Structures are given as C-alpha cells and as structure tokens.
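Enquirer: Take a look at the letters that make up each chain.
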Amino acid sequence: MTALLTKRIRTVSEKPWIWAFLGAFLVWLATILFTGGTGAGEILSAALAFATFSVIVGIGQMYVITLGPGNVDLSIPATMTFAGAVSMKIMDSQDVMILPGLVIALICGLLVGIFNYGLIRALRIPPIIATLSSSFLVQSCAIAYGRGIKIKPPELLADFTTTKIAGFPILAFCVVLLAVVMSVVLHRTVFGRSVHAIGQNARAAELAGVKVDIIRLATYVQSAVLAGLCGYLLSGFSGGASLNMGAEYLLASIAVVVIGGTSVAGGFANLPGIWGAALFMFLLVTMLNTFGLSAGIRLLLTGVIIVGVITLAGGRRE
Amino acid sequence: MSTFLPSPRLLRSLLPAFSLTVILIAIFYLQPRAMSYFGLNLLLNLALPIAFATLAQMCVITVNDLDLGIGAFVGFVACVGATWLNEAPLLGAAVLLLCILAYAALGALIHLRNLPSIVVTLGMSFFWLGLALLVLPTPGGKAPDWVRAAMTFKAPGLPATIYASALVAFVVHLALMRSSYGTVLRGVGGNPRSVARAGWSILKAKMTMYALAGFFGVLSGISLIGLTTSADANIALRYTLLSIAGVILGGGEFVGGRISPVGAVLGAMTLTLAGSFLSFLKISPDWQIGAQGAILIIVLALRVVINRTGAK
Amino acid sequence: MFESQERLITMDGVCKTFGAVQALGSIDLEILTGQVLGIVGHNGAGKSTLISILAGTQRPSQGNLKFETAASVLPGYGVNQAQANGIRCVFQELSLCPNLTVAENARILHPAIKGVGWKARARALISNKLQEIFPGHGIDPDALVGDLSIAKRQMVEIARAFTKVDSPIRLVILDEPTSSLDAVIARQLLEHVRNFVDQGGACILISHLLEEILQTSHRVVVMRDGGIVEDREASAFTRTNLVEAMGSVAKEQDGTQRTSDIRQSGEQVLVSLQPKGQSDGHRLLAYRGEIVGLAGLGGHGQTDALLDVYRNKGCTGPALREESVPMALVPGDRQVDGVFPLWSIAMNIVIGSMRQLTRGGLIDPKAEAQLAADWKRKIAIRTPDVNNNILSLSGGNQQKALFARALASNAEIILMDDPMRGVDIGTKQEVYEMIREEVGLGRTFVWYTTEMDELAHCDHIYVFRNGTIVADLAGAEVTEQKVLHASFEDQSKSHSSAKAPAS
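Protein chains in written order, with this note's numbering: chain V, 1 to 318; chain Z, 1001 to 1312; chain U, 2001 to 2503.
Bear in mind the hints are in silico, worked out from the structure with no lab data behind them.
Note that the structure is predicted; figures quoted are calculated from it, not measured.
It is possible that some hints are incorrect.
As the list claims (entries may be wrong) - Taking lysine-lysine pairs in the DSS-like style, the calculated list, with each CA pair at most 30 Å apart, reads: (1) Lys2119(U) / Lys1204(Z); (2) Lys1282(Z) / Lys150(V); (3) Lys1282(Z) / Lys89(V); (4) Lys211(V) / Lys2378(U); (5) Lys2378(U) / Lys2366(U); (6) Lys2428(U) / Lys2378(U); (7) Lys2276(U) / Lys211(V); (8) Lys2276(U) / Lys2482(U); (9) Lys2114(U) / Lys1204(Z); (10) Lys89(V) / Lys164(V); (11) Lys2129(U) / Lys2119(U); (12) Lys211(V) / Lys2366(U); (13) Lys1204(Z) / Lys2164(U); (14) Lys2114(U) / Lys2129(U).
To be verified - Chain V residues, not near chain U, derived (Cβ > 10 Å throughout): (15) Leu26; (16) Leu33; (17) Ser45; (18) Asp95; (19) Leu110; (20) Pro154; (21) Ala158; (22) Val180; (23) Gly239; (24) Gly240; (25) Ala247; (26) Thr290; (27) Gly296; (28) Ile305.
To be verified - Looking from chain U toward chain V, a few residues come up when the C-beta cut is under 10 Å (computed): (29) Leu2032; (30) Val2243; (31) Met2246; (32) Arg2311; (33) Val2325; (34) Met2327; (35) Ala2328; (36) Arg2334; (37) Phe2340; (38) Asn2348; (39) Ser2353; (40) Gly2361.
Positions of the beta carbon are idealized from the N, C-alpha and C atoms, including for glycine.
Just chain V, with the same shape it has in the complex (with noise of 0.2 Å):
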C-alpha cells in the first residue's frame, strides 16, 4: 500500500502540468479545425497576451493555496483594480513616471498584503474571511480614488505591454521569465521550500525550524504585489484603470493555479502549469466563442472544467 501511495504521488509530482498543456493545444487545435487553419497564430499571440495576466496573479495565488487548506487570497481583484487606479493617477499619462507609477502600483499591493496578514493574525480568522473584508475596503478605496476618472496609461507603458514581435508579446516573454524565477523561488530556496514544509504539515513544519510567521507574511504579501503589478500592466494593456478589470481575475487566479496541477491541499505546487493552465482557459474561450456559443454556454463549460479538474484532481490528503 505504502509503495502504491507513493507511486501515486510520484505520477502525480512528476507531470501534472503535461495536461494542462495538452488541453491547451487539443482546444487549440479544435478551433483551428473549424476555422480550417486561418487564424492560428493570432489565436496563439492573443492567448498568449491575455494569459499572462492570469499568469501574474496565478503565481502568487499559487504560493498562498500552497500554503495549506484554509490558506487562498480573495482580494486579488480589489487590489489590482486598487493598485490599477492608483498608479494611471499618479502617472498622469506621462512616460517619466513609468518607474514611480510601478513603484506604486506595488507598495499598494504591499500594504494590501500586510492588512491581509495582520487581519488573520490579530482577528485569528480564516484567509478566507480575513482577504474577503479587506478586499470591501480595498475595492471602495479603488472606487472611490478612481471614480469617474478614466486616464490613459503614458504611451510608453501601453506600448510595452501590448508590442509583440512576431506575434509575440514582449510582456509575455517578461512573464515567462518571472514564472521561471519564481519557479527557482519555489523549490530551490529557504523561503520556497518552507511554503512547501507548512502547507505539507504546519506544525511539524515549525518543529524543524521554520519561521512558519513570517513565511506566510511573506506570502500573503507576495501575493498581493504580484496582484498590484498585474492591475498596473493590465491597466497599461487596456488603455486605463476600470472599476471592474479584477472582476474576472478572482476565478481565473484560483483556476490557474488548480488547472495547472498545484494541489488544493496544500504542500505541493507547480509553476509551468499555470501557463498551461491560462492559455488553456483562454483557448477555451477562443474555441468556444469560434464555434459561435453563447457566453452562456461558456460560463457553464468553464463551471463545469473547474469543477470537473479539481474532482479528478482530488481534495485534501487524510
């Protein structure tokens, strides 16, 4: 039985985002059967493009998920939508304050993220309940700093994140990067592997001499500047901050980061299937939007995937 368990989770560490890749490309591939081949490469570069936002917040929803049951950010949208209208204020459109408008963008996120923590430290609250509260207040922060102020990304910003040579994106390849640093974060350093060691066994994770505290301060923080980075590019790609541009990005950050082979129970998390995972949600969008179904019908489908991977994925470990 031992040997079956850990074959099991030998299987299941070695390739979980292999599926998340292979459904992108099977939905990849179905749309441009239907099309008959035109348009597979713009499909490709546009998934690419709106994936990497997904991308961004996904790698710190992954961090927190990872951290164990209970343990899942819920004020992502808030913060980008937050940390999206603060930043377009204060560049004002001009290209000099690309920098200090990034800046800010992350203190922004920073200080979400320690509210965050502070919360479920001092009301010892689930993350859940405590990221949900702070996310009210962040988001009328967000409303009420931006109300009825639509102000353009400086140039030079929009043109970053939206020139693509040859079809791809330059933000995309940024992505990829981080996704690659963050990668080397997870498992090759004190900090990644600790996120690990709690989500796996938080007491016996303190007993070997983990800072359990401060890790998880660490990674609600590192969530939430991640989530403000995202706000600012997004803002930037879309020609200004919106009240409800981090709407869609709570699910899409959980699913990401459940799609892509992280385990919900915590313990065990995978980066290069977050990018499968995005490009999967997006292509199945592209798809089904090709095959000329209703956004009901998408909605629905999207339901049903998550539920369905995560069923096949399994819950939490006894």
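Dock chains Z and U against chain V, hints included.
Expert: Below, chains Z and U alone, put in the same frame as chain V:
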C-alpha cells in the same frame, strides 16, 4: 465562574441584536421620517432575499464549508422564476426542485472526494451564471403574479418583511437549534468524528445541509423577483459576499458548527440597513462596500475582545 | 461473584498494522461479564488500538471478534454493530461536540431520543446519570460543552457512556477516565464501575494509575509492544510486579553509565526552564555537553517542557539566547509532528539545514544531495535511494531520517520528544551510539523518554509528574526503582491535593 456576570457567550449572542439596534437608532436619528410604516418598508425592502441567502450560506457554514456560488445561484433562480415559473409553472417548479437536488449532490461530491468547498462552489458560480444567461440572455422576464402579490403584501402594523423575517428565523431556529436531527447536523460541524462514532452518517448530514442551502437559495431568488418584478443573471452576484458577512454579523463562526439562525437574519437586516444608513450620512456610495467590510472587521474585532475578556 | 461471569466477547488472533508498523500482534483476549478488566502498559503498547478495534472505529488487519450475544463477526464490524452489541467507549481525547449542550450531546449518542419533548428527555437522561455517578456534580444540562472545564467535560462524557435508552449496555470501555478528575470524583466513578459490573455489565479500564487498576479491576492484562504479556486475576498482582511486567525485561547494563561531572566543571548552562506550575523553584537545567533525560509517565508535561524550551519560553539562562544557541527537535509522533509526506527522504532531512546549504540565495543542489547521502550512510537509513518518498520507509527508518534532520543541522541543543516510540531494537542501538558520538563532539541533548532503558544513557534525569519536576537525579543514582517511585509516588496524596474539586 459567576453566573451573574454576563458570560462571553451571552454577550456574543446579543451582539447581532445590538448592532441592528444601533444602526436603527442611528437611522431614526438622522432621518426621523424613516420611523414610519412606509419608511421602514422602504428601508427593509430587500431584507428578505438577503436573509434567505444568508440562511443558505449559514447552512453550508454549519458543516465547516463555504459557498462562493450562492449569489450566482440566486441569480439563476431569479431568472427561472421570471421566465419558466411564470410561463410554465410546473416546469419551473421542477427545475427549482432539481436545483435543490443539485445542491445536495454538490454536498455529497465535496464530502466524498474531500474537496475544498471554496474552489468547487466558485466553479459552480460560473455554472449557475452560465445557466442563468441561457435561460434569460438579456435582463427582463416577469415575476409570477402570486410571487409579486406575496412580496408586496401590506401587513397591518409593521411591514410584511419584518413579520416574514421573524417567522423564517423562528422556523429555522426550531429546525436547526431545537429539533433532534438539527442537533446532529450542528454536531457534524462541531466534532464530525464524534458524530460518526455515534453511528451517524456524515454524508447524509452534509447532503441535508447543502440541500437546505439550495432550498433557501431558491426562496431568496423567488422573493427577489417578487420585489424587482423582472430578473437578470447578474442580479444577485453580490449576495455571495453579503451572505457570508450576514452569517458572521449574526454571530456564526466559520468552523465548529456554531451558528445562530436568528442572528443570521438580524445580520442580514443590519447589512441591508447599513446601505441606507450610509446614504443618510451622505457618505458617497463609493464607500458602500467598504463600509460593509469595515463593519465585518469591527464585529470580528469585537468578538476577539469579548473572547479575550472571557478567557481571563 | 464468579458464577455470574460469562463470556461476552472473544478476540481471536487480532492483529493491526499501520503501514510498516505493527501496532497489535495477535491478541487473544476474553472479555467477561461481571468483571472489570484492567489494562496497563506503557505508551505505544497497543492499548488504544485494542479498544478502537473493540469500539468498531478501526478494523483489525487480521483475526476475529466473536460476540456471545450475537453471531456478529468480522468482516463488516463497525461502529453501528459495536453500538448494537452494547459496547460504549470513552475515548481518551474528547469526543463530545463542543458547540452543543450537555443534553444535546447525549442525544447524539442515542438516535432513539427524538420527537416532541426530546430535549426534556435528553436532559433528564443525562442529569440523572450524572447524579447517579457523580452526586452533587453541579453540571447544567443546558450548558454548552465548550464552556465547561475539562474535568466536567470528562464527567459528561463518562456519564453519557453509561446512559441507556433502548439498546442494552454490555461493555463500557474507559480509556484513562480519571486523567482530569480529582480524587473524590475519581472514587465516585470507580465505585460506579464496580456497581455496574456487579449488575452483570462488563468494563475495561485503562489507567496509568496502578492503584486505581489494582483496586478496581478483577482481572488485569499487561500489554507490551503490541502484545499481551500477562493476563491474571488482579489479586495476583502487586504494584511492584505490575511495574516489572510493564517494563522491558532485557536490560542491557553495558557499563556505559556516564559518571561525568559536567555540573561541577563550570560548564555553560544552555537550558534553564521552570515548568509552568512549578512552585518550588525547581528548574530543568542542561549544561553544555550533557545528556539530560526527562522521565516519568507519558503525558506528564515533558513534551510541553521541551516545546517551551524550543520556543524559548520561560527559559532564563546566562547564555540562553536563540541566536547564540541553535536548537533542533526530534519529534516523537512522526505523522503529526515530523514527516513531510509529499517529500523525498532527502528533502525531509535537508529542511533542518536549508540555511547552511544556501549559496547566493539558492539552496545548492549538490551540497544538498551530499548532505542527504552522508546522513543516509552515517545513520544507516535503509533505502535504495534517498530520493524516494519518505513514506516508503518503515517507521524506524522514518525516525532515523528525523534524527538525521536534527543532527545534520547546526543545532547545539537537540531536543528529543520520546523519539523511540515504536522503533525496533536494532535501530535504537544505532541511534544510541550516534547520540554518544554527538555528545563527544560537544552537543547537548534533552531527551524525553518513556523507556526506562534509555535513561541509562543520560547524565542527569528529571522526573515529571503532573507537569512539574518531582525528582532530580544525577546519572549515577538513576535506578528504575527510583524513577518509578518518583513517577507513581504518593498517588493518593497528589490526587487529593493537586487539584481542587472540579468546578
């Protein structure tokens, strides 16, 4: 331990009623005209659907889960209510019954596969939203007349919402807090191992609670279209967050099966009033959700304070 | 009295294994009516597993349970059948629902209490039983269990097990029922148990208080290493021979008794802890280069003391600062406190030394592999490949990996939380040697152990009882008798004076 000092438990159970009273007094102070049949009716207009959604959420929280799809579900029910239930009542009723069964099945799936409820219900929220758009692609439809009539019924003395809320709170209190099987259901939240050791089926309990959640979700959707007369797939998306906030305001805990149906209904009313209160204060509607978040945090902080003093 | 005894349950060759670990090896046991059966044994002797099988919460890996009342045998025996056969169990850990009232908890046990007026009936049922067993208990049946003191919860749990609605009660199993009760209440309970069996019931009593066992039981079973080593009339036992039967027989006195005089040589004090509740100023001290043993019966505050040292609470010593004295802990409960189940053996070892292996912010994979390979060799972990999953190891080898984790780190103080539980003798010998070697290299060990033999390796021993240090013995004066004496001493006295009546 002296029985004369109010125990933390008592203080905590009084917190929901206290919050509601505070907010009512504040509203009456700011807007004396609200202290009338018409005023109260207007203020509490939307309280009933929110109360039902909160009770649905409470059922799921009782067994230590969380439902992030309840808002979309209520929206779907509203769409069905404004279309099929009106045009083909039997079909509509059958679909709604199916919804409740689907919720029970969801509970079974989550229990048997040991899945995290947040992810599953978040996925389901897309499922329900998609279904709702299929049933009613653009806002519209028409609520059945009997629903409309029920929801606009003018009761003597106080607005009908108040009577209805009180009745619902009382019935759910009887079912969960006073009935013998309700005790087992709450026990599953408190110590599932011990309940299983006594020979009860945890699966059955979870399915029951999820089915109840589906049932209250249906009531929420139906009562909502009775007020709005037409429906829209997105009509109730914010109910997900409101319902969680309502349960917590009402003294429920996220784990451990500690819930209070009466508190949940009071919590839902408090949240409904909070919106009006802020507008009377001339606070910009921008801060509406923020204020809900702040209320949530304050209540949770108060609880920590009460628990601490109790621990001493 | 013996005329009224008849066989109730027969266990026939019952075995239970958890993975590679054998918790119970071939148990043959008869449970008779009209009799209190006392079961004694050290931690990990298999008592809890035995009663879980009787209560139907665990299935035996092999063997049969036979009921004389019904022809119910395995397989398919579970909680429901246990209940139908009249078996009630009071588990050691609390199995009440803290969010329900006392009366509601009674209802959970009895599906038959339902319908109109169920609450009044449940209230009466539990109140009457409480009154019957613990006169003057002062427990409100409408109080939430979570609001009650531990003692009262235990009283409720016990009373609940004795309540009867429609199904009969034939056997009540009490696992350490008096652990949080004061002497008066404990006596009330034991009297009730005697009455219960006199009326034809059967009872299994597990307790670490030997007096309690000897006074209450008709028959005593001694368990050791998952087996039954003695099964005799209670009158055949005295405290002394009971203790002897529980201890291990093969005592190796290999003459390595350390008679160092570290304490006189002015070595640095690394650990100085005053346990919570210690009022006489006694402190747990560990000097550099010492092996300090924490002895006493299981669960008497030794683990808490270790954790306090680990978390640096209540420690005041001239040199005790976390930065200056790195510590590592070897957990005893591998599954709960130790192993990271998704990781390889190597990663499980390396986690204790991540910082030392970091070069330029990254953990050096070569150094990591090297460290794991070194320790696999040094501590002889039996595996073809350290990159295999940790769960592929047997329990003893998992424990070795946890030792390797602590020893491979830069810790100067190693805290050990009874790490040899359920470890085979060969592994033990290897580890003992390792520890001696490490002490020679200047490390300090604080070692909680429930195994008498292991105390022979210690320079200094603190015996714990009820969370406090009751004896402080230098290595040379350690004898099993002294330790046992201190662990069990003055039961009656400590019982009545240590705790105020449950309130």
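Enquirer: Would you say Val180(V) is clear of chain U, with no C-beta pair closer than or equal to 10 Å?
Expert: 13 Å, holds
Enquirer: Verify the proposed pairing of Lys2276(U) with Lys211(V), using a straight-line Cα cut of 30 Å.
Expert: 24 Å, holds
Enquirer: Determine whether the non-interface label on Ala247(V) survives the test: each CB of chain U must be over 10 Å from its CB.
Expert: 34 Å, holds
Enquirer: Tell me if the interface restraint on Ser2353(U) is satisfied: Cβ within less than 10 Å of some Cβ in chain V.
Expert: Result: holds, 9 Å to nearest chain V Cβ.
Enquirer: Please confirm whether Gly239(V) is truly not at the interface, meaning its C-beta sits more than 10 Å away from all C-beta atoms of chain U.
Expert: 38 Å, holds
Enquirer: With a cut-off of 10 Å on the beta carbons, see whether Val2325(U) makes it to chain V.
Expert: Violated - the Cβ of Val2325(U) stays beyond 10 Å from chain V, reaching only about 13 Å at its closest.
Enquirer: Quick one: work out the minimum CB distance from Leu26(V) to chain U and report holds if it exceeds 10 Å, violated otherwise.
Expert: 29 Å, holds
Enquirer: Against chain U, does Asp95(V) hold up as non-interface, every C-beta pair farther apart than 10 Å?
Expert: 33 Å, holds
Enquirer: Any Cβ of chain U at or closer than 10 Å to Gly296(V), or is the non-interface label fine?
Expert: Nearest chain U Cβ is 39 Å from Gly296(V), so the label holds.
Enquirer: So, as I understand it, the hint says Met2327(U) touches chain V; can you test that by seeing if any CB pair is closer than 10 Å?
Expert: 8 Å, holds
Enquirer: Quick one, is the Asn2348(U) hint okay against chain V at 10 Å, beta carbons?
Expert: Since the shortest Cβ distance to chain V is 9 Å, the answer is holds.
Enquirer: Would you settle whether the hint for Ala2328(U) is holds or violated, based on the nearest Cβ-Cβ distance to chain V being less than 10 Å?
Expert: Result: holds, 7 Å to nearest chain V Cβ.
Comparing the model with each numbered hint stated earlier shows that hints 29, 30, 31 and 33 do not hold.
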